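Please arrange chains P and W on chain E, whose structure you already have, making use of the hints.
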Amino acid sequence: MDLSAISPTLLVASLMVAATPILLAALGEMVVEKAGVLNLGVEGMMIMGAVTGFVAAIESGSPWAGFLAAAIGGAAMALLFGFLTQVLLSNQVATGLALTLFGLGLSALIGQGYVGIKANSLGRVDLGALSDLPFVGRVLFGHDPIVYLSLLLVAGVWAFLRFTRAGLILRAVGESHNAAHALGYHVRRVRMTAIAFGGACAGLGGAYLSLVRVPQWTEGMTAGAGWIALAIVVFASWRAERVLVGAYLFGGITVLQLNLQTAGARVPVELLSAAPYLVTILVLVLISIRARRGGAAPADLARPFHAST
Amino acid sequence: MTNKTFLALAATLGLTGAALAQDDPIKAGFIYVGPIGDGGWTYQHDQGRLALEEEYGDRVETVYQESVPEGADAERAITQMALGGADIIFTTSFGYMDATNAVAEKFPDVKFEHATGFKRDHPNVSTYDARFYEGRAVLGTLAGHLTETNKIGYIGSFPIPENIQGINSAYLHAKEVNPDVEMVVTWAYTWFDPAKEADAARAMIDQGVDVILQHTDSTAPQAAAEEANANGGRVFTFGQASDMAEFKPEPRVASIIDNWAPYYIERVGAVMDGTWEQQASWGGMAEGEVVIGEITDAVPEEAKAAAEEMIANITDGSYHPFTGPINKQDGSEWLAEGEVAEDGELAGMDFYVEGITGDIPN
Amino acid sequence: MIRLERRPTPSRVWGAASPLLAVALTMVSGGLMFAALGQDPLEALRTIFWDPVLGEFAWYFRAQLLVKAAPLILIAAGLAIGFRAGIWNIGAEGQYIVGAIAGAAAGLAFYPSESALIFPLMVVCGALGGFLWAMIPAVLKVTLGTNEILVSLMLVYVADNLLASAAVGWLRNPDAVGFPGSRNLSQWEASANPELIAGTGMHWGVVAALIAVIFAHVLMTRHLMGFHIRLAGQAPRAARFAGVAPARLVLFCLGLSGLLAGLAGLFEVTGPAGQVSIDFASGYGFTAIIVAFLGRLNPLGIVAAGLLMAVTYVGGDNAAANLGIPGAAISAFQGMLLFFLLAVDVLSNFRVRVGRGALA
Chain E
1 MDLSAISPTL LVASLMVAAT PILLAALGEM VVEKAGVLNL GVEGMMIMGA
51 VTGFVAAIES GSPWAGFLAA AIGGAAMALL FGFLTQVLLS NQVATGLALT
101 LFGLGLSALI GQGYVGIKAN SLGRVDLGAL SDLPFVGRVL FGHDPIVYLS
151 LLLVAGVWAF LRFTRAGLIL RAVGESHNAA HALGYHVRRV RMTAIAFGGA
201 CAGLGGAYLS LVRVPQWTEG MTAGAGWIAL AIVVFASWRA ERVLVGAYLF
251 GGITVLQLNL QTAGARVPVE LLSAAPYLVT ILVLVLISIR ARRGGAAPAD
301 LARPFHAST
Chain P
1 MTNKTFLALA ATLGLTGAAL AQDDPIKAGF IYVGPIGDGG WTYQHDQGRL
51 ALEEEYGDRV ETVYQESVPE GADAERAITQ MALGGADIIF TTSFGYMDAT
101 NAVAEKFPDV KFEHATGFKR DHPNVSTYDA RFYEGRAVLG TLAGHLTETN
151 KIGYIGSFPI PENIQGINSA YLHAKEVNPD VEMVVTWAYT WFDPAKEADA
201 ARAMIDQGVD VILQHTDSTA PQAAAEEANA NGGRVFTFGQ ASDMAEFKPE
251 PRVASIIDNW APYYIERVGA VMDGTWEQQA SWGGMAEGEV VIGEITDAVP
301 EEAKAAAEEM IANITDGSYH PFTGPINKQD GSEWLAEGEV AEDGELAGMD
351 FYVEGITGDI PN
Chain W
1 MIRLERRPTP SRVWGAASPL LAVALTMVSG GLMFAALGQD PLEALRTIFW
51 DPVLGEFAWY FRAQLLVKAA PLILIAAGLA IGFRAGIWNI GAEGQYIVGA
101 IAGAAAGLAF YPSESALIFP LMVVCGALGG FLWAMIPAVL KVTLGTNEIL
151 VSLMLVYVAD NLLASAAVGW LRNPDAVGFP GSRNLSQWEA SANPELIAGT
201 GMHWGVVAAL IAVIFAHVLM TRHLMGFHIR LAGQAPRAAR FAGVAPARLV
251 LFCLGLSGLL AGLAGLFEVT GPAGQVSIDF ASGYGFTAII VAFLGRLNPL
301 GIVAAGLLMA VTYVGGDNAA ANLGIPGAAI SAFQGMLLFF LLAVDVLSNF
351 RVRVGRGALA
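Chain order of the listed sequences is E, P and W. Per the numbering used here, the very first residue in the first sequence carries number 1; after that it's consecutive. Per the numbering used here, the very first residue in the second sequence carries number 1; after that it's consecutive. Per the numbering used here, the very first residue in the third sequence carries number 1; after that it's consecutive.
Cut-off 30 Å, straight-line C-alpha distance, at most; resulting in silico cross-link-like pairs (BS3-like, lysine-lysine): (1) K328(P) / K175(P); (2) K118(E) / K151(P); (3) K328(P) / K151(P); (4) K248(P) / K118(E).
Hints in this document: simulated from the structure, not taken from any laboratory. Here the structure is a predicted model, which is why all the values come from computation and not from measurement.
Pulled out of the complex, with its shape left as it was, chain E reads as follows (with noise of 0.2 Å):
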């Protein structure tokens, strides 16, 4: 074993990229969640984004139009949920497994013909100076622009729920619509809203991996992420800074456990896999013993909402 063949400079910056795809997904699920919805059906909505993503940069050229187009896929498939779900009120938990359903066979066949080719990938921006900085010039100032756009958009997303008052009636629907109903919210149109900015967020998660990370088209590519999403959306139990903690630390697992095995290191591969979701339980665990009463889990999560006046 040769641990000191791990740079920890090229480890935290490979986790960055490993994590960003959950990072962005777990954020816009945390969205939907905050307003009382749980879209179950992020896997589906990153594999259209990454199918439409990489479709669209192959067609137009540029890996920007990708990943426009990765948001509106996966936004549009959001929208289809949202249409069920708060339209016509089916449940919530059946419609998000059968978005992830229809997704993964939408998104092969729209990718039939998109096997194999390679996508231009998105640069690393070049900061000069700052980027030849030792350990931070790499961790910091060495990214492709996605990573940097999922991190001001963590901020963001922290900033809106904290601050604004779109924020505030975000969280009062989620915690009891038929109190901001009364107070004269749309309750159906703040969740549409936040649906469709979720499904965007996946979409692009989605797409990062198909135009970054990996970056090509292969069937079934997301191979399980959107769940991990989920989890670490419970991991960071619906706050902003937590996911990008929870997304690092999920993401670097597998980072990590490939790295120690490449260092000879004889890793227990399924228990390290399987730490993310234990940590998770663990986590919800604590946040129910000290909450006492369903955690911080908005209190409507997964309620229909349906005016009766």
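Showing chains P and W alone in chain E's frame:
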């Protein structure tokens, strides 16, 4: 269900697969484990299927089913193909072994060909595989020449004999041209997971590996190497299963290609003229089943010449990649001077050769 | 404008008619999709829906429908009881996996004994495995109030990794020269779960599914527990006044659904699947959630829904093999069917009013 009832049912309805007149086209079925679009394993099997159509034209009809999960669904898919009148069915993944044999028992007139397995419980089941270790010897030679950091990486899929043969073969031949070379093995525990393969390749590159061999099927490691090179790195890779030509001339400097076409043409031909017999086929470079893709100009002349010479020697049978003296990892003798490994021993290979560090997980 | 008005009680007419409407809508839009792919839509739909049931080889496929539907029905019957009470076990996939592993491990510990006691022992251990796995979210919910949706979901992934470690490690077939996967349990007489009547597809899992459905039906209609469950789901506060102990209900519902999922896993691993392999988890636990909803959380409806899902699987595979329709189109088609079924459900619970509402 007992087989008698099953056959009785099938016979009553006049539907056993081989109840075909002589001049009907031969129907060949293919069961694939992944999507054709995987760009690797399944893609190459499908290329073999297309070559079959090309070769025999109207005399053959092919059907296939993609992404058949290994397990209960496989048995149904194979049965369904047999019911649909297939004369010969190729099941192209190890995990179909029990299902293939179970269905073969029910359809004694249909021929079954199972890739990479070892069970031939019924006279109508053959197995086939390719000597990938022959190709790995060539890639190992190239890797030994190319590496500057003296660290060669091998992304393994599962710790099964096929992978271990490949690791040993690549290492032995890299070491022959570069005695300081060190082999870094990472097990991905998957045949195909682009994101994980990319991460595995990145972890290797981060730790100073500059030549990567992969036994997993996606092009993600190639892309990771290309990215590293775009940022000032010097990393080389080899195409796996298919040519992965889009990463030419570097990082991809050569490739090891599975070419099933000769085998499929031969076996379907045997069904046509009634000479099909059970066998366990293990073809290699000589049979054209293992092919080394174009060696690009990124490789120094001398290394390219060495690789080409080795291809010629393996193909004409004058050289076997596992020729003694070779010791096992613990230092005990495996093959004496001039001794050549037996097929049976290779098929169950579960040890590293001397010089490779680390253990095979189990 | 269009407005929804809640019906005082769900409409019986629409409850029965809406699934038919959904299937019809799916046929139309699915047919359009197949046409867009250059296929004959009628041919495709006939291959998917007609051939497995009444086509040329239906004598084989009808048996396969049972094989495919049994685990879905078995799991969904248990889940639906919990869903009725507002207890959300969405981790049945994990309980299914753990049931299979626990049962297989118990059996393989005695390999190669030919004792007749081995299969019953495996059944007990499989049920117990699923039960205990479900008890984790149940106990956490009862003692600490932890959200059972999330805990049971997380445990699916833990179970997945447990499965991987069993398949490549501690349950691996020592005779398979390093290939992952356990010994074949369906070929070892003592552990095999074979067809009970030749050619019917009937194995112990199908029997168990039938028993589970009858049990669930009796429980929900004839038993006080069933009344409590329905009450807790519809009017939690009233339930408390009626003396329903929420904790007992949680333990009962999660435990029962875990037990049934574990059984489903055990029957699958000893029969159709044959071995513990990395790909053993085929998503039955998740699909069963959808089946439970399609069946309107009613045991008899679940039987119909499970069979319908099985038809789309078996028929979809047929279409993939015979017509060259990509497998992806088949899963998209299934997704459509689910969406439509979920969407038309609104008709049984709400009246659709067109025109200006008094207060809208």
